[in-house]
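Read in UniProt numbering, the sequence shown has 84 at position 84, and its numbers run on one by one without any break.
What the hints contain is simulated information worked out from the structure, not anything from laboratory work. Don't be surprised by glycine CBs; every beta carbon is placed ideally from N, CA and C. Hints may be right or wrong, so weigh each one.
[To be verified] So the derived label-pair ranges between C-beta atoms look like this: (1) 128 with 24: 52 to 58 Å; (2) 113 with 35: 51 to 57 Å; (3) 60 with 95: 33 to 39 Å.
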Amino acid sequence: IREQEAWSRDQIQPIAALYYHVSLTTQGSIEMKDLMAKYGTDVIGTCAFGLQFNSLNNPDSEFRAMGQMTDDLLAAQCFVFFLAGFETSSSTISSCLYELALNPEIQERLREEVDTVLHKYKGTITYEAIQEMDYLGRAID
1 IREQEAWSRD
11 QIQPIAALYY
21 HVSLTTQGSI
31 EMKDLMAKYG
41 TDVIGTCAFG
51 LQFNSLNNPD
61 SEFRAMGQMT
71 DDLLAAQCFV
81 FFLAGFETSS
91 STISSCLYEL
101 ALNPEIQERL
111 REEVDTVLHK
121 YKGTITYEAI
131 QEMDYLGRAI
141 D
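The task is simple: from the sequences and hints, build the whole structure.
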């Protein structure tokens, strides 16, 4: 715990000093998002790599430039997130349907619950309707 406290103090002191310096030397507002991004770069550099990048005092830090998100990189990340989410969802649904096919009595009970709840909501699938489908939740989980 003491080592963690010392490490935290070492990480906080530079940003506190920079914030104080910037607040004294600038008129108007401080771009806190940029300041926090630089701070984050320094913390990650220290924690992950054991290196001092000094992004707070060096706005042209090479490591900081590597962390910038380009439009192409953003699009690629979105695509990866989509595929990861798609695969997880499709696998879950496929597994659930397979199990329902093997267990017709569970399938029938689930169908009755869905029909009952949808009748109550006049055939409209809403968040509230799905929340009332307890057996559906258990079947998917």
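Here's how the hints hold up against the structure:
The beta-carbon spacing between residue 128 and residue 24, approximately 55 Å, falls within the hinted interval of 52 to 58 Å. Take residue 113 and residue 35: their Cβ atoms lie about 53 Å apart, and the range 51 to 57 Å holds. As the Cβ distance of residue 60 to residue 95 is approximately 51 Å, the hint placing it in 33 to 39 Å is violated.
Figure legend: structure checked against the earlier numbered hints; the only hint not met is number 3.
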